[in-house]
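There are 2 protein chains.
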Amino acid sequence: MHFTSEQRFDDGVLEREFTLGEIPGILWTPGSASASAPVPLILIGLPPLGLHKVYSRVAGRARFYAAEYGFAAATIELPGSGERPRLAALEQARADLRRAMQAGEPIGDEIVAPLVLPLVDLAVPEWRATLDALLELPEIGGPVAYEGGVISIGIRLAAVDPRIAAAALFAGTFVPAAMFEEARRVTVPLQVLLQWDDEANDRQAALDLFDAFGSKEKTLHANLGGHTGVPQYEVDAGARFFTRHLK
Amino acid sequence: MHFTSEQRFDDGVLEREFTLGEIPGILWTPGSASASAPVPLILIGLPPLGLHKVYSRVAGRARFYAAEYGFAAATIELPGSGERPRLAALEQARADLRRAMQAGEPIGDEIVAPLVLPLVDLAVPEWRATLDALLELPEIGGPVAYEGGVISIGIRLAAVDPRIAAAALFAGTFVPAAMFEEARRVTVPLQVLLQWDDEANDRQAALDLFDAFGSKEKTLHANLGGHTGVPQYEVDAGARFFTRHLK
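Note that the protein sequences, when read in sequence, are chains A and B.
Just so it is clear: in the first sequence, position 227 is 227 by our numbering, and no numbers are missing.
Just so it is clear: in the second sequence, position 221 is 221 by our numbering, and no numbers are missing.
This is chain A alone, in the form it adopts within the complex (with noise of 0.2 Å):
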């Protein structure tokens, strides 16, 4: 992990870009992070939009977690977002999806699997490798959670890395129906968002993934309005649902 760039804000907070490997990322340190005071960590999983897109929303959140509640926070690059090389297989995926929605067709799991699986193949071992590095910095201690982003990612990531503590996930996106059987092998504690209205996202679908998951304590947090509508006050929601299960 190589730090590439650093900013001090007044609230405190330390940002910096890093990267590992090929894959960009940035971190977010409160001030009274140290070595002899290490804090816990936040993972932000990111859309599949390009960091650069969703800087200034993920910043915000990161910012506020570390600045408000002392958590560390860190987010990575997706595959073939950003600047990162383009994936022939999901560009083509990608392409599918767009020609069946403006033929408005449904979207069933022929388009969403090719869609979603891939990427999470990819993302889980890199993230997973990302949190290896993160580990390893004298201010960071632990526990672990994961936020956001593509909630198949969460999912799979909640499922096979026992350092993940608790989970905020969106349900915002196409779930394969492979992810369902995973999402019951899930058992940390989770918040989940949906929005109620949510044009890019089937409801009855996110129900039904919300009484999938196999955590013993869930809770399921949904909001009047479409996909980019999620409410500010949910981030400090997350905050405490994060207190509650990482101090």
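Hints in this document: simulated from the structure, not taken from any laboratory.
Keep in mind that the hints are not guaranteed to be accurate.
Same chains, same names: a pair is fine if it fits in one copy or spans any two.
[Said to hold, decoys possible] Pairs of lysine to any residue residues, derived as SDA-like cross-links and limited to a Cα-Cα distance of at most 25 Å, are as follows:
no., residue 1, residue 2
1, 247, 224
2, 247, 120
3, 53, 64
4, 216, 7
Predicted, not measured: the structure shown is a model, and the values here were computed from it.
Fit chain B to the supplied structure of chain A, relying on the hints for placement.
Chain B in isolation, oriented as in the chain A frame:
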């Protein structure tokens, strides 16, 4: 409104029992409340079990709101509950419900409407009279929120009384079909609690009710577990919802 007892706790909260005509109730005010710094008010609706039976749970919430967030909180006994005179029509409706449940029959609107609508018709004017009296106290200012209890009472009260600025409702009791129309007339910010595995409440009906509310800002918090299993952290989530809308 006559105060019949008072008790000051270590956290500064003052608990006063009162009667308003034949209605017994309890008012909690924070140590900080005074005529010069009146505080917002949360009305806590009870289940039809009698105040004594639910006192510790309700007082725990009320004292948390008062001590941690500086709200006043008040509750009143429902018509036909606790020490109040039994109401023949309600007793009959409850007997019909018990019989239907024991027989394993589906609980339709012909059971639910006589059970709930007379209670709503009686309780809502009592709440409004209580609110009149509470708002005359110099230490209570406003705005006012409603939480808890028989959800149909909260729906009617929020729909008809413009002093109710926000409501946190527990979708844990039967809702007559007629109340879905009234729900459409509720426009204040809402937080709706749903127990995902509530033995006594139909999940789909609760989701349909959430959908029916006319409010532009509404959030559903669904938690795993049965009717009595609402997690403790939802009290804090409620307090933060009220803080957003009452302060």
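**OP:** Could you figure out if residue 247 and residue 224 sit no more than 25 Å apart (CA to CA) within one copy, between two copies, both or neither?
**Re:** between (31 Å within a copy, 22 Å between copies)
**OP:** Tell me, please, which holds for residue 247 and residue 120 at an alpha-carbon limit of 25 Å: within, between, both or neither?
**Re:** Close neither inside one copy (29 Å) nor across copies (43 Å); limit 25 Å.
Original post:
What label fits residue 216 with residue 7 when the C-alpha limit is 25 Å: within, between, both, or neither?
Top reply: For residue 216 and residue 7, the Cα distance exceeds 25 Å both inside one copy (40 Å) and across copies (39 Å).
Original post:
Given identical chains, is residue 53 near residue 64, meaning Cα to Cα at most 25 Å, within a copy, between copies, both, or neither?
Top reply: within (19 Å within a copy, 42 Å between copies)
Hint compliance for this structure: hints 2 and 4 are broken, all remaining hints hold.
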